[in-house]
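Top to bottom, those sequences are chains A and B.
Those letters in the first sequence? Residues 9 to 402, per the numbering used here, in order.
Those letters in the second sequence? Residues 63 to 506, per the numbering used here, in order.
One should not assume that every hint holds.
To give an idea of the interface, some chain A residues facing chain B are shown, with a C-beta separation under 7 Å as derived from the structure [said to hold, decoys possible]:
# : residue
1 : W55
2 : E290
3 : K294
4 : A295
Because the hints were derived from the structure by calculation, they are not lab data.
The structure presented is a predicted model; accordingly, all values stated were derived computationally and were not measured.
By construction, the Cβ of each residue, glycine as well, lies at the ideal position given by its N, Cα and C atoms.
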Amino acid sequence: MATEGSERFDQVDWSDISRSGRFDLSINSIGMLLTTLPVALLAVYDWQFTGRRTATFEFIGLDRTLETVDFFFIFTLLLAFWYLVLPLYQHPRMTRYYWKEFKRNRPAVVSMIWLGIVFVGGIVGPLVMSAPQQELLIAYQPPVFTSVVESTPATCVGDVMNGRCYGTWQHPLGTTNAGKDVLTMIVYGMTISMQIAFITTTIVATIGITFGTLSAYSGGWVDEIMMRFVDIILSFPTFLMFLLILYIYGGGLGMFIVVFSLFAWGGTARYVRSKSLSISEEEFIKASRISGASTYQVIRGHVVPNVASSIITQLTLLIPGFLLFEAQLAFLGVGDSSVPSWGQLISAGRSDLSYAPWIVLAPGIVLFLTILAFNFLGDALLDALNPEAEAETE
Amino acid sequence: MTEPLLSVRDLKKHYPIRKGLFNRQVGAARAVDGISFDIAQGEALGLVGESGCGKSTAASSVIRLEEPTSGEVIFNGGGRESATRNPDGTHPNDVTKFDDEELMQFRRGAQMIFQDPSSSFDPRMSVGNGVGELLKVHGMSDRHRRRAIVEDLLERVGLSASDFDRYPHEFSGGQKQRIALARALVLNPDLIIADEPVSALDVSIQAEILSLINDLQDEFGLSLLFISHDMSVIRQICDRVAVMYLGEIVEIGPVEEIFTNPQHPYTEALLSSIPTPDPRASIGGIELKGTVPSPTNPPSGCRFHTRCHKVIQPDGVDIDQDDWRGVLNFREKVITGEIDIEQVRENVAAGGSGPSDSEIRAEIRREFDISETVDDADLEETLSEAMNLLLGDNAEMAGEFLSDEITTPCAETEPETTVHTPDHESACLRHEGQAAAEPNPADD
């Protein structure tokens, strides 16, 4: 284009410009589509063409299998990458501003590092560490730097001195009653926790934002009915529902995630509704409307981004609830015992608490730290993303 | 006569008030109640009035941010010039009847600047994208082209091209209003509606923005509908001014004429509120007493009569104008039952001795600025009679008595529009009998 650079607003011939450009995709959406496609194909292949017991990657000679939950997890990771991480890179000024606000909160920065470890451990760990094997001979090995009475483990892997068995770096956090390495199990548990965190957040955010904005923009009796439905969702006894489904279909991790997130979006929807109502009163929404933008464009371009940044906090604070709930259910023995979650590990070690406390303590502390980290992070995000909200509450 | 760019005819915007189980409409807030004005190509029309008089509602109805209740908004810009009325009386350029396609085209012809610079930009969008959004909405999908146009425009309004990637929180109020101006300009409109664009800014910044608006208006031949409550701002920027009171335009005319020769009492009151640089001049000449009436239930007759300092006395009465105003205020308060005689009694008693009736009468007169005796025997008698009734705890009867006995023509007759000079009109009963306005003068 010859005129480029000297382009002026009063020289645009609008009759030349067609309206076809409305459907052009952003680089983020193109990337999302391109990366989702192979995952979706793999999922279809896994679902239709491989046997129930065959590993997904058998066609390239790998003995690795992906469950439905794993596919969802990959999908949510892609979502997070293209619509959360990449935009931060694309808008460096905004990112720097958020980071400046965020880093004032020291505990939150530490929390973020911890969650980063859990995240990377959860993604990479299972790829580089082989799954914990049952080895009854080396059951009850103590963690490194500690010792137990020689008679507790069947055979002591480390040194035996003065009738006490000392822990080794082979099993830094000791082993369970079945001889499984506790550290490996915690790393595998990180995957489960991250799956819970990402998938529930995606489901809750999707339903909550859609439902909330629809309700706010419909108004009238539609709004009324939708909000009463939210009341029902909020007051629904999810636990009983879960037990019922468990009884009828049997429950795995996927079932847990689906059931609990399908009944957890009520609060989010309510929050989104009130937030969208207040945002739609702002003058920039009016400005957007008189620019000729359709209601969909206004919602997609202004309402959702503004709502989303303020519900990130709420969603972050929702995750610890799920993690705790999963642990509680596992501890009660309700749920899939084949899922290597932290809760299952705690539950497995509770009968040995008196002489092998590390089996409970190690995952317990990790769980505690993770939940604490999410809470700190949520608080800091509230301050960083919503400085007004902080000012209002003070 | 050349065709006006925008011509508003009898525009009304009523907000229904609903109550009860079935949302029955029990009334309406008549925010804008039949206003008419024209804006010529390249002209700046000021719309002035106090808060709540419907200025902003008028603006958002004209630009169809809200659907007007009735009336016509005829926009002859954006390639729709010299259209004639359809045989059925509707106008092809009536904005209120535009379909989606036409409305989209109208958006390119008319844009708006808002009052509050802090909320008029999306905090999550860089200002460049915020301005460029309009181009995108109207189909310009070439990102580089959008950027080039917006950067050029940002420089034109006194910012730099590198501000494209900045976010609203990085700008001051004045800078944001410059960006708002860029946003309003980016589609190259013929008309810009500015809703109190400088009222949130410091005086020094105000002057900068106003002169920027003036320059841009001259350069691009823009028409401007400039809304403000500040007469001095209007004087700086507008060619003509329309004064609004409670949903109606009470006076419209060229700025210089309105300022030197205001015809409507309300305009006089507004003008007297402009501070003068002379320290010896008394501050504010005319003080409007009483509260602004609610648009839900506007006063009968002339809407300004409840506060007008020049309210007309009926035939045969000729007393001091301040007394007359006081008497009417007194009447109004008694009718609405807002005078608590016990309260007055206590207040007087607090001054010392037990209050006598005459002391209370004097107190009430002082309260309403009525002299010891008014110059009209009948009126004086009516007043004493009403006060007797009040003192005898017959407030309701006093109210009925007063509403029967004291009347003003202003409350009974709706004023017609009077033409003073061809371009200067006002609606006040005091001008009754002068040349009346021909019906819809610009409707040819």
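Now the hints, each set against the structure:
1. Because the closest C-beta pair between W55(A) and chain B is about 38 Å apart, greater than 7 Å, the hint is violated.
2. Taken as an interface hint, E290(A) checks out: its beta carbon lies about 5 Å from the nearest beta carbon of chain B, inside 7 Å.
3. At its closest, the beta carbon of K294(A) sits 6 Å from a beta carbon of chain B; the interface hint therefore holds under the 7 Å criterion.
4. About 6 Å separates the beta-carbon of A295(A) from the nearest beta-carbon of chain B, less than 7 Å, and the hint is met.
When held up to the earlier numbered hints, the structure conflicts with hint 1 and nothing else.
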